[in-house]
Amino acid sequence: MSIRIDQLPRDKFIMPGTAACPGCPLLIGLRQVMMALNGKMSLVIPAGCSSVIPGMSPATSYGVPTIHVPFASSPAVASGLVSAVRMRGNNGPVVVWAGDGASSDIGFAALSGAAARNEDLIYILADNEAYMNTGIQASGTTPWMAWTTTSPNGKTEERKEMALIMLMHKIPYVATASIAYPLDFIAKVRKASQIRGFKFIHLYAPCPPGLKFDDSYTVKIAQLAVETGIWVLWEYNQGKLTISPPSAMYKDKSKRKPLSEYMKLQGRFSKVGEDAMKIYEAKIDAYWNTILKLSELYK
Amino acid sequence: MADLEFTKYLLSRPAPGSAGATGTWRTYRPVVNQDKCIKCGLCWLYCPEDTIDWLEDKSVRINYDYCKGCGVCAEVCPVKVIDMVKETVV
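Just so you know, the sequences run in chain order A and B.
What the first sequence shows, in my numbering, is residues 2 to 300, in sequence order.
What the second sequence shows, in my numbering, is residues 828 to 917, in sequence order.
Read the hints as simulated data drawn from the structure, not as lab findings.
Be a bit skeptical, because a hint or two may be false.
What the hints assert, rightly or not - Chain B is nowhere near these chain A residues, computed Cβ spacing over 10 Å in every case: (1) I6; (2) Q195; (3) K221; (4) A283.
Unchecked claim - These stretches of chain B come out as covered by chain A in the derived footprint (C-beta under 8 Å, 3 or more residues): (5) 842 to 850; (6) 875 to 887; (7) 893 to 901.
Note that the Cβ used here is the ideal one computed from N, Cα and C, for glycine as well.
Just chain A, with the same shape it has in the complex:
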């Protein structure tokens, strides 16, 4: 199922003039979701940047039906919404668009519950790797050694691998994606919308003010994350785990770009020295090994 750029819908799903920072990755990602489903979806958004971005009432910049809900409740609200929608004979997708705080920390119980019940949802975790909306506090998915306002010398804890945690919930579809690879992401969203049950997509969305890089580098940083191997694009579809095409060539360690290329552009990694960089590379190798072993197990 190949997708061409010129076949994507050109409707304005997001109205210009939003309250997002210049270069916001969340809007790039959200536009891609809406393009993938051609705007035929309902959106549930918990507290976070995405609930501020639509601007001030009585206007909103989102062109699809959206419910803004309290922080921890998005999977629970979406479970109710999808039941009501199906009862009315509508088979359209209900999409939860949540940040990393709402998924990995605050809303994790509700997320785990909805996944265990196998509700018919598409859950997209737009991961900007900290609580950007409240002023860059460390979250569960903030990587090791990254600067945030609550980890001024670099985060000492490891990051949670949310996609692997969700994989172990035995839901039919789990994938990781990146805003820099829209055609891959759109294909994954379209594939997910064809499957019944809980679908989880972990979307990497680097945030310029939070990660401390120039506004124009949003897409470049997301691309470098894949090219240096720190972000692996893979897909688990009903028993089969595969590495997605954009990441496939980086299985081979020698083909990956040096990690410093990704890190030197971001102010949050300014305290990562030579030694820490070596440990980082070992961690990346360990993650790749896990994914490659899993792809042998699930084939």
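Given chain A's structure and the hints, the job is docking chain B onto it.
Relative to chain A, chain B alone:
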């Protein structure tokens, strides 16, 4: 009627400029060199603000009322024909 008055505070409707004319945030203005543009549509695909229209003839047009001047379009352009020009008039 009481119900309707209540719901008007809970429901928002899509409209451009929900956070104001965000074009005033801009310090650098993206200018497309239309002669050299290869009409690939990547700037349209990646524009976070959806201010770039990809027209029927595959040329692009930027809506400067709302463009925040982030420069993502200039960065993703494969032939680098989008120039970021400093705004002179505020």
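So, going through the hints one by one against the coordinates:
1. Interface exclusion of I6 of chain A from chain B breaks down, the closest Cβ pair being 5 Å apart, not more than 10 Å.
2. For Q195 of chain A, the shortest C-beta to C-beta distance to chain B comes to about 23 Å, beyond the 10 Å cut-off, and the non-interface label holds.
3. At roughly 6 Å, the least C-beta separation between K221 of chain A and chain B is not larger than 10 Å, which violates its mark as non-interface.
4. Every C-beta of chain B lies more than 10 Å from that of A283 of chain A, the closest at about 31 Å, which supports listing it as non-interface.
5. Coverage of the segment 842 to 850 of chain B by chain A holds. Counting CB-CB distances below 8 Å, 8 residues qualify, and the rule asks for three or more.
6. Given a C-beta distance limit of less than 8 Å, the hint that chain A covers the segment 875 to 887 of chain B holds, as 7 residues qualify and 3 suffice.
7. Restraint check on the segment 893 to 901 of chain B versus chain A: 8 residues with Cβ-Cβ distances below 8 Å, three needed, restraint holds.
Hint violations for this structure: numbers 1 and 3, all remaining hints satisfied.
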